[in-house]
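S.K.: Taken in order, these protein sequences are the chains called A and B.
If you're matching positions, the first sequence starts at 1 in our numbering and goes up one per residue.
If you're matching positions, the second sequence starts at 1001 in our numbering and goes up one per residue.
Incorrect hints may have been included.
Claimed, not checked - One-sided and incomplete, this derived list gives chain B residues near chain A with beta-carbon spacing under 10 Å:
#1 1009
#2 1061
#3 1069
#4 1074
#5 1168
#6 1202
#7 1206
Keep in mind that the hints were calculated from the coordinates and are not lab data.
Built from N, CA and C at the ideal position, the CB exists for glycine as well.
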Amino acid sequence: MDFKFLLEQAPSGGMTYLGWMLSGLMWTMLVSIAAWIIAFVLGSIIGVLRTVPLKTPRLIATTYVEIFRNIPLLVQMFLWYFVMPEVVPVQLGDWLKGTYPNLITLPFAQFSLWEFTAAVLCLGLYTASRVAEQVRAGIESLPIGQTNAGLAMGFTLPQVYKYVILPMAFRLIIPPMTSEFLTIFKNSSTALTIGILELTAQSRQISEYTFRTFESFTVATLIYIVITLTVIFLMRLLENKVAVPGYVSQGGH
Amino acid sequence: MGDFDFSIIIKSLPILWDGLLLSLQLFAIALAGGIFFGTLLALARLSSFKLLSYPAAGFVNLIRSIPFIMAIFWFYFLTPVLMQKITGQQGEAVGPFTSAIVAFIMVESAYYSEIIRAGIQSVPRGQPWAAYALGLNYWQAMGYVVLPQAFRNMIPIMLTQAIILFQDTSLVYVVGLKDFLGAASKAGQLTGRLVELYIFVAIVFLVICFGASKLVKYIQVHMDPTRQRAVSNDVTLNGPGLKPGGG
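Same shape as in the complex, but just chain B (with noise of 0.2 Å):
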């Protein structure tokens, strides 16, 4: 057993507390990027024209048999190249975090897609017919009639998918950015106590998730999907899908 000198924590939170910071923004921005971009791929991909399927399943697969660290690396290559083609600027520097957030935007829409296209296909087909019956158009029949319904059979899924997106904005370590996990590193080499810092992040990690976890579980239990139905059958007439945030 070594000495410990847990009092190195308190002298890093500053810069902890910034990595943290980091840590949470890249969460949030990959969490909104993905669940947007996962469902316009996982309409892509359910789409009967099949110049749109393919390549959506193509890029859903091909990201998913890849690792998250080699995908990382794709994008960081990639993003300032392509930067660059699109605003024909030469020597246009683009920083790590924007490229870790076209990662995790891309990596992320792929994961979500998945989920999105799963619940989907859970709504009965019964549901878009009758709003195509109704007289509605494609996307007002997603819009009003299907994806809302979908989105709550999801909402335990797609939770639970936020907390290992968390989990994962740990990887950005490998491309030097100082995420929470980063800034420990960093603030352990300075001082010497990585194994202090290292034990924090763990618990603070650990904290965070278990938490988080468990609150999955009570929404899920709050939202059983079986009493769900009970209710949406006695107010059929009302069309329950259209009640925004209702369940």
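If we strip away everything but chain A, and leave its shape as in the complex, we get (with noise of 0.2 Å):
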């Protein structure tokens, strides 16, 4: 093992073979962290509105959980990238594919924005279905007793939800919505399959370039675990911040 070559000059992007490594580290970064925004606000809008006692909203916010879960990410990944131009107006989706602007110019994008913003939003809209469930879920577990004791005080619906319900909930499914992080994180390798050179893709080209595969695949590995650690232990953090005293566990893990 010599991992001396990942400070050769690379063929292409001005760079050495370890500048290549922490630009597809970036854009793991860029898509995950996207892609959360909206897995975040979307899930959070849809796990609500599967808890409210009201037919049409409960149903609509089913029906997208049911179509995002059971549908492969890889495959929906094509949806969006593939398909979702065809089935627009031409003119958008002409716009899409060809003058869609870059409107950034970033290190090693050598793929279109469009290619970005198809990621970030399969991967959001995926993962949204999947927050969503922890979102009910948190809701759920809370005792009846607190909405109803929210409505006798006269509060509103909405209000329950906003001064009662979700900031118990929202603490409560720290440690499971990390892990959808860490999931959203992790996923986003798939975005390697319509092009986005994130650390996965990275790793494999560096090792179709100088036959060390075995290297290279080591240090992406090394940089996964090291985030996945990283963001377990700020999690921890937040989670020990935000404990309601005597109702969660305060950092016993």
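Both chains are given apart, each in its own frame, so use the hints to dock them into the complex.
M.R.: This is the structure in structure tokens:
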């Protein structure tokens, strides 16, 4: 095993192989974080809708979850990237595929902004269905007495959610939400199928250029492990900070 | 809106069917292998023997912290190398299907071992103690007392994980295997009709996985652990854990 090749000049991008690896990490993080914002916001809304005592919103939310949970992520990726531009009006489709502007020039962006957008949309909307299930489970784990007490005090239903249920539920679901973020972070590697050069794709590309498969996969694997451990550590700090005394076990993991 | 020609699906049915069969084959082998090795890994992790528990924990945590695709790439690279070391034969070609199977069994055994470990830990400690007190050895206590109860508690989660595994088989696309998605991709590229084929693939997966998840829910309701416990309390003397497939 010899990792010195990482500091050699790579054939393109004007950087070393280590630079390739780090640019891959950057794209992994960009895709994951952008997708997580969509997943968190949309997933919270859908999760709440699944618990409200109204038929139509609940049906819509349940349908969303069932559709996005029961199609493989990779198939969804292809639906967004290949199928979506063809089923929208022609002008919009052409704009997406051809002239959708590259607003920003980032290092090692050999793919278009449309590919990035498709990957983020796909991962975000897919993970939203998983986040929604966590939010729903968090809300349902609270005693019904909390809702009833809130309503009895004259709160409207939205107020009960805002002041009583959600502040508790979101604290309770920090551990499962951490694993959802780690899932989105790992799932971002499926974006390589539509041309995003994220960490996994870069490690394979480096192995193809240098024939040092073992070393390059090892480096990528170590980076994944370090990020995973960091996220777990940070989320535990957050969990302890917002813990409700006597309700959520404090740091007892 | 472009023009769509869904008759292309009828024409591509034979190649799609072959793809679906390959997906199902991979699914079945990975499921069986994953549960088998997952059980061994879970037992190793729960062992008090550190030489067993530490490597098992390390393997499981390693696999769980990298993307599935990264794991596929790893085993795709490692399998031929290791096979050559084991058999000692040079140039013995290992096909992509074999490598994919190894990758899936390894990854799924890590995922399943976590489920099985939780299931084993859900069995009260008194059960193995009672088994040892009756003179059963470790494997007998596990095989006749602990695991049957653990597996029964785990069935809904294991089936849910099986649905996820079935969806994950589409990831072999990245090593160019012609599974269901790969076959559709190939047919789509040949005919220039990717859109219709991808929509078809999505619908087929949706129908299979949605149906399967409804089935799991049905099983879950009919195997309600509280009902089961009430039943097993009535027949404690007869040893409910020993009845195969009961519940």
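S.K.: It remains to establish, for every hint, whether it holds in the given structure.
M.R.: Hints, verified against the model:
1. 1009: 14 Å, violated
2. 1061: For residue 1061 of chain B, the interface hint holds, since the closest Cβ of chain A sits about 8 Å away, which is under 10 Å.
3. 1069: Because about 5 Å separates residue 1069 of chain B from the closest Cβ in chain A, which is inside the 10 Å limit, the hint holds.
4. 1074: 6 Å, holds
5. 1168: 7 Å, holds
6. 1202: 5 Å, holds
7. 1206: 5 Å, holds
When held up to the earlier numbered hints, the structure conflicts with hint 1 and nothing else.
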